[in-house]
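A.B. asks: Sequence:
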Amino acid sequence: MSAFGLLIALIPAIGWGIQPLILKKIGGTPVNSMLGFGIGATVIGVIVQLVCHPSGLSSTALLLSFISGMFWVIGQAGQVSSYDVIGVSKTMPISTGLQLLGTSIIGVLAFGEWSSWTSKIFGFLAIALLIFGAYLTSLEPKGASNKPTHLAKGVQILAFTSFGYWFYSAVPKMVNADGLSMFLPQMLGVLVGSVLYASFKERQAFKAKESWQCAGVGIIFGIASLAYIFSAKLNGVTLAFILTQLNVILSTLGGIYILKETKPKRELFLTYLGLVIIVLASVMTIFL
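With this note's numbering, the residue at position 81 of the sequence shown is 102, and numbering never jumps.
Don't read these hints as lab results, they were simulated from the structure. These figures come from a predicted structure and were not determined experimentally.
Label pairs and their calculated CB-CB ranges:
1. I307 x K228: 43 to 49 Å
2. F290 x V64: 39 to 45 Å
3. L71 x Q177: 38 to 44 Å
4. L289 x S136: 39 to 45 Å
5. S220 x A173: 27 to 33 Å
List of simulated lysine-lysine pairs, DSS-like, C-alpha gap at most 27 Å:
6. K230 x K45
7. K284 x K46
8. K141 x K194
9. K174 x K284
10. K174 x K281
11. K222 x K46
12. K194 x K254
13. K45 x K222
14. K286 x K45
15. K228 x K45
Built from N, CA and C at the ideal position, the CB exists for glycine as well.
Work out the full structure, taking the sequences as your base and the hints as a guide.
C.D. replies: This is how it looks when you write it as structure tokens:
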């Protein structure tokens with residue numbers, strides 16, 4: 022891998038890793054965050070369309086790309102809501118585990134991945150490790166009577182919304198189209214989905230300064246997503262994806278050390294161990 026290829030590959034990991042940290046520093050509600058994502062992501066999508074002039078899409082690919090962006094909003098809204106319930110350092114490992122779990126199962130059932138029995142055995146072993154790693158990051162010390170209820174609520178939110186990420190990830194495999202061609206329709210889907218979410222949940226968010234401040238985070242998301250497309254071309258999908266997994270380490274440790282989400286020593290050790298297992302399991306799924 023060239024130095025330039027490595028730099029491009031690290032942009033998604035850094036961008037997606039710092040997103041939750043900046044959102045928490047800005048404050049506001051989950052609706053403010055989602056509107057910011059929609060505004061910022063669309064800005065990047067329009068710039069890419071004007072500068073790169075990607076090839077056109079079929080009507081089916083265009084529609085699926087747009088809808089996948091709207092589904093991403095469901096997954097991201099659940100993740101952002103969970104920040105306020107259980108914190109960034111717990112949300113990110115659990116959310117990552119659920120995303121990898123869902124996309125792996127969809128890959129097997131819908132797209133015929135892991136075709137051999139060996140692949141299936143090691144694949145479902147990797148899934149088991151993902152679940153175990155996420156479980157370790159969520160363990161809490163005894164005696165904290167108010168935390169288990171919060172944890173259960175946070176996990177429930179993530180479990181019921183992660184399907185949005187699954188569909189978003191599956192669409193590129195469903196259509197025969199270049200990633201750049203799909204980029205603007207997906208970002209427009211994110212914008213429309215975010216506007217609908219705000220319209221039903223919190224209409225005053227359209228005027229809130231936090232929504233426009235969060236647009237900067239949306240720009241970071243858009244740049245990171247764009248960099249992943251180029252990284253996959255430069256470094257191959259396998260290596261590009263593996264390096265993106267660094268984002269869960271960055272966001273989780275950032276939640277602990279930057280956002281000051283305190284953890285007892287034993288819980289901190291289990292969080293570190295869970296992170297290692299999640300990353301190793303995600304790497305396993307790539308080589309199947």
